[in-house]
Each structure stands twice: as C-alpha cells, then as structure tokens.
Amino acid sequence: MIEMTNISKVYQMGEKKVEALREVSMKIEPGEFIAIMGPSGSGKSTLLAIMGCLEIPTSGRYLFDKKDVSNLTDDELSLLRNEKIGFVFQAFHLLPRFSALENVELPLIYKKVAKDEREERAIACLKQVGLEHRIKHAPTQLSGGEQQRVAIARALVNSPRIILADEPTGNLDSTSAQEVMDILSLLNQDKKITIAVVTHNPLIAERAKKVYHLKDGQLVNEAK
Amino acid sequence: MRLSDYLYLAKKDLTNYRLRSSLIILCICVGILSSTLNLYHTSKRAEELISSLENLGGQMISIWVQDKEIQLEDLFFLSSYFPYTSYEVSYWQDIRSFRKTKISVSIIATVPEYQQVHSVKIKEGRFISSGDINHRRKVCVVNTSVASILKIGVGKKIRIGEDELRVIGLSKEEGMSGRVIIPLSISNEIFESDSRNLEVVILTSGNPKAVKKEIERMLKKRFSDKKGKTRQGFLFERGFIVSIAEGLLETIKNQRLTNRMIVLGIWVVTLILAGGGIINLIMLSVRQRYKEIGVMRAYGAKKEEIFHLFLLEGILLSVYGLLLAGAIGASYVCLFGGCKFLIFLRELLWSSIVCIGIGICGYFPARLAAGISPSEAIRNA
Ligand SMILES: Nc1ncnc2c1ncn2[C@@H]1O[C@H](COP(=O)(O)OP(=O)(O)O)[C@@H](O)[C@H]1O
Ligand SMILES: [Mg+2]
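Chains Z and V, in that order, are what the protein sequence lines are.
Heads up: the first sequence at position 15 corresponds to 15 in our numbering, and the numbers run straight through without jumps.
Heads up: the second sequence at position 132 corresponds to 132 in our numbering, and the numbers run straight through without jumps.
Treat the hints as calculated values from the structure; they're not laboratory data.
Here a beta-carbon is modelled for each residue, glycine too, at the ideal position from N, C-alpha and C.
Only true hints are included.
Below, simulated DSS-like cross-link-like pairs (lysine-lysine); rule was C-alpha separation at most 27 Å, straight line: (1) K111/Z - K291/V; (2) K12/V - K111/Z; (3) K136/Z - K291/V; (4) K84/Z - K191/Z; (5) K12/V - K127/Z; (6) K115/Z - K12/V; (7) K84/Z - K291/V.
Computed footprint of chain Z on chain V; a stretch qualifies when at least three of its residues, placed anywhere within it, have a C-beta under 8 Å from a C-beta of chain Z: (8) 291-298; (9) 302-311; (10) 374-380.
Quick list of the computed label-pair ranges, beta carbon to beta carbon: (11) G371/V - E19/Z: 18 to 28 Å; (12) I353/V - R61/Z: 49 to 59 Å; (13) R2/V - T175/Z: 36 to 46 Å; (14) G371/V - N171/Z: 27 to 37 Å.
Excised from the complex, chain Z in its bound form (with noise of 0.2 Å):
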C-alpha cells in the first residue's frame, strides 16, 4: 500500500533550514491500522502530508500502490488524493457555509459526479457515521462530535483505499473521541481500510495493529 524509503523533508525558514524528518523508512501493508506517536514538533503531521502526497519529501522514495508519487504531475496528485486517500483533521475543516450534506459531497464534486448521485452517496456515507438525522444542519449546529463525524463521512465518500486521520480526537472529549474511534475501527475491520492515525493519546493508539514513534523527525522504534 505504502511503501517509504529514507524519506527526509527539510523546510527552509529563511536562512534556517528544519529538518521535519530524516531517513524515514515504513511500509503499511493493505488493510492496515497503524499510529503514530511522537512529542509536538517530532514530525508527525509531516508525515501524514508526506503520505497523502500534500507534501513533496525532500529526498527518498515513496510508493503508493507501488506507483512513485515523485514522477506524479500535481493535478495526478490532486486526482490521487481525490480518489485513494481520505483525510481527517483535528480542527475537522468542516467548509462553514455548506451544510453536513454539502461537505461530504465536496470530493465528488471535483470527480465530477452528478448532483443526485452524489447526494445519494453523501447521505449513504453519513448514514455510516450515524448523521442521517444531521443531514441539512450547518457545521456550526453540530457538536465536535459530529462535526468529526461528517468529516469521516467526506473521507469515505470516495471509497478511498486509506484514510489519514491527523490528531482526529485531539479537539474531542473522550466520548465522543471513543465514538469517532470506534468508526474508524469499524472501517478498517469491515471495510478494509487501511487507516493511520496520529495521536497522542496512548489509549487511542491501543486499537492500532501497530505504533510508530517519532522522535526529531526520526523513527525510534516500532511497538506493539
């Protein structure tokens, strides 16, 4: 599924160059739920943009569907995103004037779907996260919870092959952080999903197959 090797990105900060992350290597098989853990600033975040190819990495190699991304133009990139890859933030980025429903068509629209269609699949996806009765409110009129949960429902609309989760329960209280957890756990057993999560929480990272830690931008050790 994904496939990376001695992966480094630097950021130029003026003068100052920032090494995100250096010499990353790991591979996520299909189907896989991973996390990943680290202290703030340790790279994670740079990761995940590294995986859903919103980052370029420095130097390295990195293979999505054995495909390398490097070679890719930047419209291939937005189609692959578009149609392999979901994400979820920890500010959810729900868009504020579009209702629930709107949100979660959004990618299809740029897969130029037919609006029945995709209102179709939209309230499908939120049926998943248990938002059908959710469907017309704003993103204002809805908890943290749910908003989390619309997002979710935006990732899966493409049928994605994975869904990149950012800190997802990070804005969350524990019930509702359970909530979003056990969907996306749900997805990954009966979907097949691959997901990989960066959290901070260690009872969160409990439910993934497998735990990186990042430390410097650097991969300390494999657990679980």
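For this one, chain Z is given, so just place chain V with the ligands on it according to the hints.
Okay, now just chain V with the ligands, sitting in the frame of chain Z:
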C-alpha cells in the same frame, strides 16, 4: 469539475460577501449603463441623420458663395438643371416676441424647395410657399425650440429688428437650436448686416462626385464669361466652395469621436473602481478561505479548478452588472429612448468590453488562490 458546480460554489461564496458584491455589481452596472446610453444616443442620432439623407434618395451638395459681388440670383440658373435646389441666406440675429423675450437665432431666407432638400417636417401650419416669395409676404416658419422659448404659435408675430413677421408654420427639428425661416425675397429688407452666408444646396440622386464636377464646370464657365478673364482664376478659387454634404457626415463623425472619448473615460473609471473592488473582494475571500482552499486541494481540487473558481467569481459579478445594465437600459430605451433595440444591443456589446477588463482584474487574486500550498493551509488553520 462541472460548470454547474463551479457556478454553485462561486455563488455560495459571493452570497457570503453580499454587500461588497452588490456594490461592485452596482458600480459595473452604472459604468456600463452610462457608456451604453451615451453611445446609444449619438449612434441613434447619427443613424437618423444618415437615414434621412438616404431617404431622400440623394446626396446634398453645397455651394458656398464666398465672393461678395455674386448674388444668389446669379445662381438661379442651377434650378433648370437640378429640380431640388434650395437658395439660402443665413444670418444670426436676435428676435423678439411681443412679450419682449429675446433670443438669438439663425435666420434663413430661402425658397420652398428648402423643405424637400432638408426634409423639414412641419408640425403645424405650412412652409414658405412660392406665393410668399412672389408677394414678399412678411411671414416665417419657426422651429419648436423658438416657439417654446418665445411661447408663440402659428398666427402669432415675432419681431426681427423693426420688422414684424407672422408665424405661418412650426417645423419639427429635433435637438436643433433656434431657427427661423423666411421668404428669400424679403431677406434684403430684414437683414441688417452684410456678413451673411449665401449657400445653394442641391439634392441630387446622381453620383455626388460627378455632379460636383459638373457644377464646378458650369460655375467656371458662367462666371468667367460674366466677370471677365482677368479675375477668373481668382473668382473661381475664392468665389465658391463646392462640397458634397460631407460637412454633415463629418460633424456626425466628429461628434461620435468626442463621444467615444467620453465613453473611454467612463470605461477607465469603471475599470478602476470595479476592477479594484473585485481584486479587493477576491483577495479578501482568498485570505478568509485560506484553510478552505487547502481542504479543497486535499480533497482533490486541481490548481486550475481553484483558479477557475475564483476567476469565475469576478466574471459572475461583471455578468450580473452587465445584465442589470442591460435590463435597466432596455427599459429606458423602450420607454424614453426611441426603441432602437439593435443599436442599443450593439452599444451594450461594445460597453461590455469593460467586463473583459474586470475579468482580467480577477486573474491575479485567482492565481494567488491557486498557488496556495494545501499542506501549509491546513497546518496553519
Ligand atoms: N512549512 C513549514 N515551514 C517550516 N517549518 C515547518 C513547516 N512545517 C513544519 N515545520 C517544522 O517541522 C517540524 C515538524 O512539524 P510537524 O510535522 O507539524 O510536527 P508534529 O505534527 O509532530 O507536531 C516542526 O519543527 C515544525 O516547526
Ligand atoms: Mg501535528
């Protein structure tokens, strides 16, 4: 992304900035409307003048008499060659009504043919007749602007110097300044000064250039006989100016040119205001939606799709402005403007050039939006 979805997303954003969007639309509308109506009015007038020339089935050829020794009577022979020949003496002078209202008008002493040659429309009463000429009647035809300023009508009298003239007709001449037409035969009694213009206007259906040549040949022949050889060259070069009615066409053209300059000015102002407004609005929108753009890109929006979306927002505003201007302009033209819809549409099309400029203004902020890095936008949210 489908076009319908572009529209859907763009409209959603614009409604978020309702006040700003409305102001920009209004600005574009006012700019386009004023330039369109400006162009419309001159074009309509020009077209009417040209078509009235064409309706007569001919072209006007003017002979301006420059030589003080030549009288209009010396040119009467032209009538036997050209049936539509009008002899005119014109002069600027003050006239008064009996209420002592005084205005300065152009007085034209002429013959009945004047009416056909210049296609004068009579609103009330009649034009100068050959009887008026033969009996040297002290009558006149005034145009509507004179009648309304002096508050007079057919049957009333006006004063020119010490003479009293009875108004026998009201002529309809749109947009003309004051004009009083009197019989040619009384011009010597009425006019006080020598500095008057003598002009013969011939309406011909022939090839204007050939007719002009013919007239020049005739004049040359006749006046070299009459005035003697010594002055012939002088006479002919200084004696007459024969011109095809380009005078009129030229003034129309000049009028259109100054009009175009005004319109250009309106365009520039509109472009600066609306274009600046659109840059400002889209910049604001891009800044406020920085995070959203990142999310859209993460979920598969291509750079170009983001670019087109923001570009479309600017284009939508100018299209709305254009439609609004079109609707208001069309109702105006329909109600007060003479209903020349084709001319209106043509000028509206011209004015919509501004929209292209405004669209270009949207280009820069849209490029900016397209260049946003998704990972940075999401991280910095
Ligand atoms: N765009 C950027 N420019 C400069 N430095 C960056 C940028 N993105 C991340 N960094 C730096 O890279 C390091 C890793 O960041 P990040 O991956 O966000 O860590 P984490 O998610 O583990 O907290 C941090 O020191 C951060 O300051
Ligand atoms: Mg982070």
